[in-house]
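Below are the chains, spelled out letter by letter.
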Amino acid sequence: MTAPVSIRNATKIFGDFTALDDISLEIAAGEYIVLLGPSGCGKTTLLSLLGGFLSPSSGTIEINGKDMGDVAPAKRPTTTMFQDYALFPHMSLRDNVAFGLKMRKVGKAERHAKAEELLDMVGLKTSANKKPHELSGGQRQRVALARALAVEPDVLLLDEPLGALDLKLRRQMQDELKAIQKRVGTTFVHVTHDQEEAMAIADRIVVMNAGRIEDVGSPENIYMQPKTIFTASFMGEVNFIPGTFESATDSTISVKTSLGTVELPEFECRGFAPGASVTLAIRPEHFRASTGTGPRITLGKAKVEDGSFFGTHHRAHLSPLDYPNMTITAHMPQSAIIEPGAWVELTLDPTSVVVLHGHPPRPTPESAAP
Amino acid sequence: MATASLETRENRRAWGFVTPAMLWTVAFFVIPFVVMAAISLATRKGREIVMAWNFDNYIEFFEKAHLLKGLFVSLEITFTVTIISVILAYPLAWIIAERVPQKWQRMALIMAILPFWTSYVVRSYSWLLVLAQNGVINNTLVYLGVISEPLELASTRTATVIGFVHFFVMLLTLTIYANLVQMPPNYRRAAADLGANGFQVFWHVVLPLTLPGIMVGAFLTFVLCIGDYITPQILGGNNELALPQVIMLQLGRRADFPMAATLSIILMVVVTLAYIACARWLKMERT
Amino acid sequence: MISSRFSKLLSWSYLAALYGFIFLPVAVLVLFSFQDGRLPVPPFNGATLKWYGEVFSDSRLMSALTNSLMVAIGSATVACVLGFCAAYGLARFVLPASRLQRGLLIAPMTVSYLIIALGLLTTFNWLGVSLSLWTVGIGHVVINLPLCFAIIYASMGDHQKNIERAARDLGAAEWQVMTQVSAPMLMPSILAAFFLSVTFSWDEFIIAFLLSRFDVTLPVEIWSMLRSGLNPKTNAVGSVVFLVSVALLLILELIVFRRTAKK
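So the sequences go chain by chain: A, B and C.
Okay, so the first sequence: first residue is 1 according to our numbering, each after it adds one.
Okay, so the second sequence: first residue is 1 according to our numbering, each after it adds one.
Okay, so the third sequence: first residue is 1 according to our numbering, each after it adds one.
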């Protein structure tokens, strides 16, 4: 019903293209893992290795401690929920869901009962006799889930399962997927390029880029404490302020940037040497009004260039006094009055600033002014 | 309203586009058909055709063995050809879709249908070259000493069936191939993922999903085969006559238009029945 | 692994066997069109172009060939124009009973050529119309119109509807929309319909046989040659027809389908 997965040094090469480069990952039984990354990052290839549709060029994949090696998809304790759902168009929903059980020689009455139970779970019990083409996108997605779960796999693989749905339905299905996963306890490995979906749904997110794992961690960790510039920018809007690492004491580090030298609390040793290129990553919502309690630092004054209202906040573009060529994106409170030309103080909580290795490739889409 | 609405005016324009084709179809297809149906109710007196408005010709068809036999010969040949063609074409389409490398598939298909583009009359004639008493097969076998007397290959039903199958294997390969490659690969992956073995994937998923392709091809085969005069005439000879041969006989030697029309209507009814049987696979959808 | 190699071997043998079956008669036809002797059957006595010479100096055959080309191109053109207009009208406008209209236009496709020919023959006899290449052409339009209509209608997607709306919105009159926007946009399928019609008409026998009298088309002329039995000259005509058709197919492949494939 559920099983751990361990991927060791998996590499997949297509011709002269390396789709996966020495990937290692341990997934606990019953965990909801999301593989997140842009298209071409290798996430779908990794999923295909788990499902047995591709075999690794090198490295091993173990499910429940057993090497999957040459095990065919049919013999693996995994099932896949395909991106296009791949519901058999000539079968009723009941027959679709019961298909895997039929292949396992389960009797007709029993497999139909099981199929109806699963259709009930996804809220489609009354449609058991319908054909897939009579359903909406969200309903098809539910049937695909029921079909994949009907054979009680140890690991369920979901390939961009919500990609074809509109935004509102996608949010709703995220909640349902997560609830169903908690109920059945199966290990879910879910592939997506939507970082909001990943955060909403995952126990742990695996950020992938160019065939490698960039970052692994809980949604909070990945968002608040990204380990790389790629992760920081992929997980949401972020300001990158390039600088040079100057010095570290026991409790603080200092970074020289074009907005002056910034003193930050040292909470985690990242092995920076003095003179190394580093980048400060600051989320737009971390700029706060200068009032309030707690430690705070300032990056100087900045002029408001423009602003737009987003309901929960104002999103403003600012140009710092010390370095007007740079554009900073900041979220200002709902109640703030955003006047182009006004001056604001760039205050923030030093613990929310993340120091990353290297400088962002330029231009970075996230930090460039739209 | 004083003036017609925009929609009405647009519709009037639309009729302008559709009407010429419609007139053509009515004038040269519907009306001739009605005329033929009417003639089938007439009788022949010498060289004159007299409108009798009765079903004597139809009754005669069921009473006279040589006429009725034409229909049965045609049906037997057509069913044999359709079944053999499907059985031969399916593996071919499958191999082209699955085994032949992608970039050669188009070439393989073009090659498979190349003889399609010889003249239809010439194609039957070429089979005659192969099957005739002094044809390629007989001459080769005699030369090799396998047989001493030439085999009776031409002017048999087997020759007709071979000639037809040759033609329809190409056609069915096309329709089945189109269906096979249109099928999203995930259907098969999903079935395999859910535990189906190779045969089960084929039986439960691939075959039902390619059934439309088979049926479209089989229907075309049926219609073209049962109405064809050339192949049975050239390859089958006059030993047993298929329905189209019987029809041509009425026209030629006897100039019996009413009976020819009657037989045509019967042929048409048979085709219509076949259409009704296959109708649910033959929907025309606009993409 | 052994079973997979076996199934591979089986696949390729099957492929080879069927291609052999498909090509056997054509190969025999072409080979023995060069036969230096009176019979186009083994043994092969040596190569000669004599029969091709006879074909090209046979005035009846040559005029039949011209007739065939005229009828094919003429009937294909008429069928394409009528088919395109009907497809345009039915795909772009909401007309009453449009299903029925579509059904009627497609109907001749499901009827045997023999029946169409016989219907026209009885009607022309009844009306006292004398048979000629014109009557053959009329018959060929009847069989090609459904084909042209279906091909062009199937390629008229709804996304193109908006492009046409845009043209109308920008001030194009209906005929301008049709000639400057719709037709060029649908050119690949129109050309496909045209060339298919040409080949169908070029190859059609029974309608041409029943609806012609003195001037005949090539298949009918070849048919009358068959009375002389096996004859290398017939092989030569057949080979020529084959070459012309393959050339047409190549044009179709290179011009029409390549372009659509790229899109």
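Derived by calculation from the structure, the hints in this document are not laboratory data.
No residue lacks a Cβ here, since even glycine has one placed at the ideal position from N, Cα and C.
Don't take every hint at face value.
Unchecked claim - In the DSS-like style, the derived pairs of lysine-lysine whose C-alpha atoms are separated by at most 25 Å in a straight line are:
no., chain 1, residue 1, chain 2, residue 2
1, B, Lys-103, C, Lys-8
2, A, Lys-131, A, Lys-102
3, A, Lys-75, C, Lys-8
4, A, Lys-178, A, Lys-125
5, A, Lys-182, A, Lys-125
6, A, Lys-114, A, Lys-178
To be verified - Computed, partial: chain B to chain A, Cβ under 8 Å:
no., residue
7, Pro-184
8, Tyr-187
9, Ala-191
10, Gln-200
11, Val-205
| Which numbered conditions among the earlier hints are violated in the structure presented, ordered from lowest to highest? | none
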